[in-house]
Structure formats: C-alpha cells, structure tokens
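A.B. asks: What follows is each chain in one-letter form.
Number of protein chains: 2
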Amino acid sequence: MDPDTLSKTFVEHYYNTFDTNRPALIGLYQEGSMLTFEGEKIKGAQAISNKLNGLGFQQCKHHISTVDCQPSGLLDSMIVFVSGNLQLPGEEHMLKFSQMNELMIRIPVSLMFHLVPANGTYFVFNDIFRLNYA
Amino acid sequence: MDPDTLSKTFVEHYYNTFDTNRPALIGLYQEGSMLTFEGEKIKGAQAISNKLNGLGFQQCKHHISTVDCQPSGLLDSMIVFVSGNLQLPGEEHMLKFSQMNELMIRIPVSLMFHLVPANGTYFVFNDIFRLNYA
Numbered sequence: 001m002d003p004d005t006l007s008k009t010f011v012e013h014y015y016n017t018f019d020t021n022r023p024a025l026i027g028l029y030q031e032g033s034m035l036t037f038e039g040e041k042i043k044g045a046q047a048i049s050n051k052l053n054g055l056g057f058q059q060c061k062h063h064i065s066t067v068d069c070q071p072s073g074l075l076d077s078m079i080v081f082v083s084g085n086l087q088l089p090g091e092e093h094m095l096k097f098s099q100m101n102e103l104m105i106r107i108p109v110s111l112m113f114h115l116v117p118a119n120g121t122y123f124v125f126n127d128i129f130r131l132n133y134a
Numbered sequence: 135m136d137p138d139t140l141s142k143t144f145v146e147h148y149y150n151t152f153d154t155n156r157p158a159l160i161g162l163y164q165e166g167s168m169l170t171f172e173g174e175k176i177k178g179a180q181a182i183s184n185k186l187n188g189l190g191f192q193q194c195k196h197h198i199s200t201v202d203c204q205p206s207g208l209l210d211s212m213i214v215f216v217s218g219n220l221q222l223p224g225e226e227h228m229l230k231f232s233q234m235n236e237l238m239i240r241i242p243v244s245l246m247f248h249l250v251p252a253n254g255t256y257f258v259f260n261d262i263f264r265l266n267y268a
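Respectively, the protein sequence lines represent chains A and B. Start counting the first sequence at 1; every next residue gets the next number (the working numbering). Start counting the second sequence at 135; every next residue gets the next number (the working numbering).
Bound-form chain A, shown alone:
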C-alpha cells in the first residue's frame, strides 16, 4: 500500500474506532507514545486511553476533510496531518431553546499523527490535537 493510501486508511480506522468503540484506541498506542490534547501533555498508552475515554462527550462523529502524509526520516515512519470537523450534540441550553434533538454543532479540528512501524503494523508515537476556534 502506498503511504498516501495507508495514511488515509489509518485515519479512517482511527476515527471510526473513536466514534464507535473508543476504548479500543489503546491498541494503537505504546508505552512511549505521546499525546498533546489542547495543550495538555499525556504520555503512555494507558494514560492516553484514560484521557480519550474521559472526554466530556460520549456521542461524536469526526468528518475528515484533508489527509497529508510525508516520510518522517525515521525508518518507514510517516507523519500524517489531518484537518476536519468534530460533530457533537448541541449544548443542553441550545437543545432546550430549539427543541430539536438532532441539533449538532461542528467544530473545525486539526491534528497530526507520527506513525512508527512495529510488529508488522503501525502504532502512534506522536499525536497532537487542536480545536480551531474562529
């Protein structure tokens, strides 16, 4: 699989897992993995999993807009840069105001993964996530 296809496949797999079975994300990280989430630095698969599972929203859907990929210079590793939107249920007061249970808000996000090969697959060594407030 070429790097562009591989990185797109990885990103789709990651966010499908995030949106439908978030605890399973732990399998994509290792002990040395790092996540910076909105400026907060977290290290190690267990701590990263705790952070992702403890986020204040349970229902969410990621919409991927762009995926860019480059070899990082570390043997067969890849930097994957993603932009998109995170769709969340509207705030409670918004729901009450509108009386529409379907109301969702979309927040632009950008993020990157540094994927490093191990045991015939890839794990996430670096992960940085930011919401793009206007």
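Fair warning: there could be bad hints in the mix.
Said to hold, decoys possible - With the C-beta cut set under 10 Å, the calculated list includes, among others, these residues of chain A facing chain B:
1. Phe18
2. Thr66
3. Asp68
4. Leu74
5. Ile79
6. Phe81
7. Gln87
8. Pro108
9. Ser110
10. Val116
11. Asp127
12. Phe129
13. Leu131
14. Asn132
15. Tyr133
No lab work stands behind these hints: they were computed from the structure. Heads up, the beta-carbon is just placed ideally off N, CA and C, and yes, glycines get one too.
Since chain A is already given, all that's left is putting chain B on it; use the hints.
C.D. replies: Chain B only, in chain A's frame:
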C-alpha cells in the same frame, strides 16, 4: 533552551522571516526537505523556496495562536504543530466596495514542522501547511 521555548522561538523566527524577507527562508531547508502546501508536494530547498516566493500574495502577516511540540524519536528532532491566522489584503473588489485600504482578511491556518538538528542548528525536514476553510 527547553524544547517548548525552542519551538516557539523557531516559529516566531520563521514567520517573521516569511512576512518581512521571504527569500531568506531557503536557509531553513535542505536538499531532503519536504513541503506539502495545500496538498501539493514539493521537495528540496530550492523548489520549496520557489514555491513560497511565488505565492500570489506579497503582503501578509501571520498571527500564531498555539504552538505544540513533541520529540519525534529521531535524535534530538522535534515535531512542532502550529495553529493561527494568515492575514492578507482584501480582494480588489472588496477594496472597491468598501473604499477602505486597510481592509484585511484573516484565514485560519494549521501547519507542522519536523525540525532536525544539523551543524549546531535546526533545519526543516518536514513541513505541511493547510488553510482551514470553515
């Protein structure tokens, strides 16, 4: 200098150079450097410099909102993730419409650098840039 301070200093230097003396950016890249600019892949310091100098706007100002940094696993190298805004002169028809020469537009941007040490300084090995359209 700690990695967070170093990466912020680098980003400020890079965008100050971009906004005031764009041809000098060539000194921050090397032959193996890669730039992906809005999905277009460019390789090598000279080609990257040609691309950056050939962008359709001459006047611009970058406003940095966030800078995140992690060690990439490659000896003393750093991944630097940036969000911010690119301020450009308004479109000509907008200027005519408003008759305000000061009119500027701001576009949210996100980007990353992978900085690799060489000869006592850092050069940009990976560079990915995206405009974040709403």
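A.B. asks: It remains to establish, for every hint, whether it holds in the given structure.
C.D. replies: Okay, the hints, checked on the actual structure:
no., hint, verdict
1, Phe18, "violated (19 Å)"
2, Thr66, "holds (6 Å)"
3, Asp68, "holds (5 Å)"
4, Leu74, "holds (5 Å)"
5, Ile79, "holds (5 Å)"
6, Phe81, "holds (4 Å)"
7, Gln87, "violated (14 Å)"
8, Pro108, "holds (5 Å)"
9, Ser110, "holds (4 Å)"
10, Val116, "holds (7 Å)"
11, Asp127, "holds (8 Å)"
12, Phe129, "holds (9 Å)"
13, Leu131, "holds (9 Å)"
14, Asn132, "holds (5 Å)"
15, Tyr133, "holds (8 Å)"
The structure shown violates the earlier hints numbered 1, 7.
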